[in-house]
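All chains should be built: construct the whole structure from the sequences, respecting the hints.
Mapping of the sequence shown onto numbering that gives the first Met the number 0: position 20 corresponds to residue 19, and the numbering continues sequentially without gaps.
Derived from the structure by calculation, the hints contain no laboratory data. There may be inaccurate statements among the hints.
Using 20 Å as the maximum straight-line C-alpha spacing, the simulated EDC-like pairs for lysine to aspartate or glutamate come out as follows [stated by the list, open to error]: (1) Lys158 x Glu77; (2) Lys115 x Glu95; (3) Lys91 x Glu157; (4) Lys91 x Glu153.
The calculated label-pair distances, taken between Cβ atoms and stated as ranges, are [stated by the list, open to error]: (5) Thr147 x Thr108: 41 to 51 Å; (6) Ile140 x Ala44: 36 to 46 Å; (7) Pro143 x Asn60: 54 to 64 Å; (8) Arg75 x Ala121: 43 to 53 Å; (9) Ala44 x Val6: 30 to 40 Å; (10) Asp43 x Val6: 45 to 55 Å; (11) Gln56 x Ile24: 18 to 28 Å; (12) Gly8 x Lys30: 45 to 55 Å; (13) Lys50 x Arg72: 17 to 27 Å; (14) Lys30 x Arg51: 30 to 40 Å; (15) Asp96 x Glu153: 18 to 28 Å.
Quick reminder that beta carbons are idealized off the backbone N, C-alpha and C, glycines included.
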Amino acid sequence: MDHQDVVIGIAVGVLSELSEEIPHIKDMLAKNMLAFQQDQAILDALNAQAKRMDRMQNRGNAILDALNAQAKRMDRMENRISNSQVCTINAKRLGEDLHAHLLPLRNITTGVVIPKFPKTMAELLHLNDAAVTGFLDALGITPPAGITLVEKVELLREKWVG
0 MDHQDVVIGI AVGVLSELSE EIPHIKDMLA KNMLAFQQDQ AILDALNAQA KRMDRMQNRG
60 NAILDALNAQ AKRMDRMENR ISNSQVCTIN AKRLGEDLHA HLLPLRNITT GVVIPKFPKT
120 MAELLHLNDA AVTGFLDALG ITPPAGITLV EKVELLREKW VG
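If you want it as structure tokens, here you go:
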């Protein structure tokens, strides 16, 4: 046997073994491909679920924002009601005594008694423009542009004693 025959014999043997292994390799590739497809399907499902969770979180955040806004509106309403009650009490006191000490109003946003609020009608009449504007602002009242101090005092008086 010459060298070329030996090489051909080896090549035939290797090719024969390869031809037997090809179906096994093909099966392994098919199984790996199926596993990959299943893994991809799982990843796709997880990504879809993550997107749904993001949408739910966004909806939840929107609901919380709306609830917070509603709570602020309710707080302002409660403070307005409290101020209305103060107005009623103050009107009664003024009906009995023009020099009566009156209850202060509350800031409609914070609910806190407005600092340095006048205690009597006389004090109200001696306030400067900046003080009256500050009190009106705390009550959520924006006076029309160009009105006088006397008109601003009247707006404040209406909210304070009716």
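The hints, checked one at a time:
1. Restraint check: the Cα-Cα separation between Lys158 and Glu77 comes to about 15 Å, which is no more than 20 Å; the hinted pair holds.
2. Pair hint Lys115 plus Glu95 does not hold up; C-alpha atoms about 24 Å apart against a cutoff of 20 Å.
3. Among the hinted pairs, Lys91 with Glu157 is consistent with the structure: their alpha-carbon atoms are about 14 Å apart, no more than 20 Å.
4. Simply put, Lys91 and Glu153 have alpha-carbon atoms about 18 Å apart, close enough for the 20 Å limit, and the pair holds.
5. For the hinted restraint 41 to 51 Å between Thr147 and Thr108, the CB-CB distance of approximately 26 Å leaves it violated.
6. Under the hint 36 to 46 Å, the C-beta atoms of Ile140 and Ala44, about 57 Å apart, miss the expected range.
7. A C-beta distance of roughly 38 Å is found between Pro143 and Asn60, which places it outside the suggested range of 54 to 64 Å.
8. The beta-carbon spacing between Arg75 and Ala121, approximately 30 Å, falls outside the hinted interval of 43 to 53 Å.
9. In this structure, Ala44 and Val6 break the distance hint of 30 to 40 Å, their C-beta atoms being roughly 54 Å apart.
10. Separated by about 51 Å at the C-beta atoms, Asp43 and Val6 satisfy the suggested range of 45 to 55 Å.
11. Range check, Gln56 to Ile24: about 47 Å between beta-carbon atoms, so the 18 to 28 Å window is missed.
12. Separated by about 34 Å at the C-beta atoms, Gly8 and Lys30 break the suggested range of 45 to 55 Å.
13. Distance hint for Lys50 and Arg72: a CB-CB separation of about 33 Å, inconsistent with the stated range 17 to 27 Å.
14. Here the CB-CB span from Lys30 to Arg51 is close to 32 Å, well matched to the stated 30 to 40 Å.
15. In this structure, Asp96 and Glu153 meet the distance hint of 18 to 28 Å, their C-beta atoms being roughly 21 Å apart.
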